[in-house]
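Trainee: Residue numbers (the working numbering), protein chains in the order written: chain G, 1 to 482; chain F, 1 to 482; chain A, 1 to 482.
With the Cβ distance kept under 8 angstroms, some of the chain G side facing chain A (calculated, not the full set):
(1) P371
(2) T402
(3) R440
Negatives, chain G to chain F, calculated, CB over 12 angstroms:
(4) F125
(5) A148
(6) T210
(7) L230
(8) E299
(9) E350
(10) K466
(11) D472
Read the hints as simulated data drawn from the structure, not as lab findings.
Virtual Cβ for every residue (Gly too), placed ideally from N, Cα, C.
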Amino acid sequence: MKRPLQLNDDRLFPADARMRDIARALYREVASLPIISPHGHTDPAWFASDAPWSNATELLLAPDHYLYRMLYSQGIALDALGVPDRNGAPATDPRDAWRVLASHFHLFRGTPSRMWLDHVFAEVFGFDTALSAETADQHFDAIGAALATPAFRPRALFERFGIELLATTEGAHEDLDHHGAIRASGWKGRVVTTYRPDAVVDPEHHDFATAMARFAELTGEDVYDWKGYLAAHRKRRADFRAAGATATDHGHPTAATANLSSDEAERLFRHIVTGNSTPADAELFRAQMLTELAAMSVEDGMVMQIHPGSCRNHNHRLFESHGRDKGADIPMRTDYVHALKPLLDRFGTETRLSIILFTLDESTYARELAPLAGHYPCLKLGPAWWFHDSPEGMRRFREMTTETAGFYNTVGFNDDTRAFLSIPARHDVARRVDCAFLARLVAEHRLADWEAAELAHELTYGLVRKAYKLDDPAFFPAAAAA
Amino acid sequence: MKRPLQLNDDRLFPADARMRDIARALYREVASLPIISPHGHTDPAWFASDAPWSNATELLLAPDHYLYRMLYSQGIALDALGVPDRNGAPATDPRDAWRVLASHFHLFRGTPSRMWLDHVFAEVFGFDTALSAETADQHFDAIGAALATPAFRPRALFERFGIELLATTEGAHEDLDHHGAIRASGWKGRVVTTYRPDAVVDPEHHDFATAMARFAELTGEDVYDWKGYLAAHRKRRADFRAAGATATDHGHPTAATANLSSDEAERLFRHIVTGNSTPADAELFRAQMLTELAAMSVEDGMVMQIHPGSCRNHNHRLFESHGRDKGADIPMRTDYVHALKPLLDRFGTETRLSIILFTLDESTYARELAPLAGHYPCLKLGPAWWFHDSPEGMRRFREMTTETAGFYNTVGFNDDTRAFLSIPARHDVARRVDCAFLARLVAEHRLADWEAAELAHELTYGLVRKAYKLDDPAFFPAAAAA
Amino acid sequence: MKRPLQLNDDRLFPADARMRDIARALYREVASLPIISPHGHTDPAWFASDAPWSNATELLLAPDHYLYRMLYSQGIALDALGVPDRNGAPATDPRDAWRVLASHFHLFRGTPSRMWLDHVFAEVFGFDTALSAETADQHFDAIGAALATPAFRPRALFERFGIELLATTEGAHEDLDHHGAIRASGWKGRVVTTYRPDAVVDPEHHDFATAMARFAELTGEDVYDWKGYLAAHRKRRADFRAAGATATDHGHPTAATANLSSDEAERLFRHIVTGNSTPADAELFRAQMLTELAAMSVEDGMVMQIHPGSCRNHNHRLFESHGRDKGADIPMRTDYVHALKPLLDRFGTETRLSIILFTLDESTYARELAPLAGHYPCLKLGPAWWFHDSPEGMRRFREMTTETAGFYNTVGFNDDTRAFLSIPARHDVARRVDCAFLARLVAEHRLADWEAAELAHELTYGLVRKAYKLDDPAFFPAAAAA
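Kindly generate the complete structure, drawing on both the sequences and the hints.
Mentor: In structure tokens form, the structure reads like this:
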């Protein structure tokens, strides 16, 4: 049976009429503001080449671990979904894979993936029937046909989505050629990079050895010497800033920081690069590097983002067969109050430093993160992340952080996605959930309506520009001159 | 002053009219579905003998630790409530004990016990006045009179309650005579058992020595030899399957699992049975046994239930005077992400394995459990358990698990009770809370109404049948043949 | 632009009309009940001298770490706010400091500080315009003028606020002269003290050495001898009881307790006082002292309050420059289930003992604290504390504790503040949030309306009198005689 697909204008607003009216009014003012996406994982090659995408499966299913993790949890093999293993993409027919998704689409009821996909279907492709076994082929064909047209090329969609700025994430060991190509092309879309040095900072990273070698090549530094290693970071940070980066990103297992003396740090580094290190050494090195990188941020003004707390590649057998980032990362309990103290003891009162903290452990929102951000000038709270980037997750974030940290120690929304077509959907969800939260405060007479309107604008647009220094003349001399 | 007792038809539904209407409509379709109770602690002797219960105190108060823990917390001695100590039941007059409950019934305001008892009074006994000091005797007498009639015998109530299947829980060292008697009686009520081997798996269990001796007797195996011990488990699992069991249950202090080599496991076992083990050995043995029992589940298909995280018998003096299970068990912080990894490294991708996880630590719902169940094919989430088997607890369960694990990685409701008369009340609460949650999703345009209707049915009836393999021909050849 | 300031009569009530009506009716009956403030940090000197306060900044801003922590987090120096550093108050003009607060008042949107201050402005000072850059001087002047009048002297406000009892907190090493002066003055306002011995119990307290010396002077005991030290505590407890104290208070980093033998305790004490102790010794000593002080409470009936879980003075540089209590305390994960066991093993069933537990770690509400208080006769739950003393925080407290501990194992509200003028605001918030919670239970047919009315009275007035033994003839012989 075919079911209609129609996005309700009031979706995600409270059921209560009084609150719904307020939410609707707030949303009306922010719904069409430009999208700023200061942290994410889209592929800059898309915008460099502007080549068309191939088909629904390769664009929407095979790269989206939110989708295939759920299907996998219900016994569906990743091969059947077109997800590449260590030997590359399987010989699955994309249409067959799409049919599997379609016939199991009920599994996503109540999840954000369902909302995002429905938004993509309805708003990006203009469908009016829901995805199901019956409509699988129809959707697959229509998506394929659309993708072949100029209006669905990456740059055209970027413009249609109203994206003002999009940040990608590249490793310290990766070149920035695509970013160079985008700038050289004359296209006006603003795509910037982010400095993510995990592969050369985490000795337990699977690519550590090759990433270090590449890091040496790209910088011409002796990266196996402590001073050369630090100099290499400084060089690459400058390269990244030249490619538009205002921020760095650090995806460590924990939020641990350390404050070793220069000699201790150098000795530790020697253990690391000679392969004589224990897991405790690796943890200490990552911890010390957060502090070293904070020192560089004090120098060059780049905003640090810390994304800790994921136990990566938890499924041992899946990791062996399919490699990393296959939906098998599980959050862990995370401490911030002790973990960040060494870094904060050294730089906590530096006005040039700005650190945006993220978490996968919601029990830290009210207990640790809001109190930390509500005190330290250098700390801000990133939005609800990953598993918590969802209506309930965002609501809990506001409910558990606002009373202690306020709104102004938060930084707006991150979509943090590689699913480019879902970006408008994700920002729309965030705007709606924030408006719903503000509407409750207004309805309960905890905020005036004009304050809520100001805040809706800040949460959507103002705070992100400020937190990521998008108006900072040190990064954007042209903007300052204009 | 006597107060009326009347269960409102809209109880537990949202106050908001829009949501309430939706909840009411959803509930209407599931309210009278049969009850499946796949995990609980009722006494099979009741259904074997079908003997009448004696009086209100012995049926409703003295065995219910939810009730007497609250009264005890307010300074009332367990003796005054008819709760047995280590020497047996106290010489309290049951009517006096009932009066104590009645005159303190206000203490239960806002608790699920209050709701369950009111439901028992109104629906099972047909009372229209609330329990209070003034009505204590009237209720006591009326309950006593009812219990003496055939309509209130165990089997009659089982049928009246619309129970399709009821699972009890027996130890690996216990006989299954009552289950045999039920089947031999020709009565059609379906009462099955569950294999709970804690007393022979946990070296720190107070009954370990005697349970092991009995385990040996019942199986004819040398249970003090590692191979004999494992063989004994296999034999008893077969016995339990013959008594209808489709599941096992494991109530460990933590969720720790281990993956020792066969030699290491055997060596550890030797320490355990010779009494030369440390607390760390005991923990490692319990951990290893979860993995050994998972291996047996891969063979025989029995579903594993893991109920970790209770610090048993916290009140030292009460344990000395009254023994275990006296309302003095306190939840502890529980880790799953590291704890389960050894077992999952070995069996995480086995399609024959199914493990239902429970928790007393709600901070793990969104952080660990939903991500685990939303990835591993062998993992499912059990419902809100024990202290969280309550309207707010169930609501938090749905709010914190659904967005990551969806609805289809959950398994319906467990009443998990020894309070037989409260079973309809508990299932009714679960149905209402689920319908209220679904109603919010519909009202906020996150689900279509027809989807919510399908889900209400699944959460009430469909998922439990599937998760506990109640339609699996391996367990129920007759059902398959029919 | 000037904005009106008007407290809406329905603030903090649910938006839903049905629930709002119920909340309003409940609130009407408790709104004007007397204020009992059984735990806080106001200065008894105010009531002893009844001297006028000086100006808005010195009264409302400079002592309020809720306010200046938020401003500091946004890059404003404490000096600019008139907050004293280790050398005393800065030479900031109070009017300038006030202007800084006023022009950044938007930072407090969504925080309890905003609500409290608005209440102070509207209700205590009668303002009808909101604080902002434009009104900063007007407010500063009007507050200054009011404070110079007799109606705004401490005692006059105490009476106007309807305070029935106010407890301050003094150290074991501090004299009680102000309390003596209050009693000697003939003024009828009831101001009592609370025994807080942290500075002589915590070897890591910055004032430990000087506090011990003063402890010796005040008691005439050899406090460096274990028996003398314990005797000194007993003497001072008697002094405090004579100054109206019914309670003690313990602000330890953790909730750890210990149950050492007398010899072990004495040996540990010797390490402590000879300065030969490790951090682990210090922790064990604090733990043992909770048990020793519990033993004294069994003797003298004083109620213990335990406030654990704050990582004090987290900002190292700020501590060096400005000292303690400067808004840099960050909550930590806190365990209760294991931590309290040694004390409970010894005294858990003592009917004379009463311990009120607080937490900064909300994940313990449903998991540990409600189960503990819902079992042990000696344990009660203190209200949502510090960072959680806020509408959302209080709501979570009720939602996560009520179903297991009920309402009657809680103790009413604590304002726990040094901001005297905010006391009516804080109690008003608590009454409104409790009425809103009860209204939901009534609207969802989980409580009868008459029960909710009884509970609203208990939560506001009845439970606090009972929990803090304010009607106990052992403490108040006069009350008993009357």
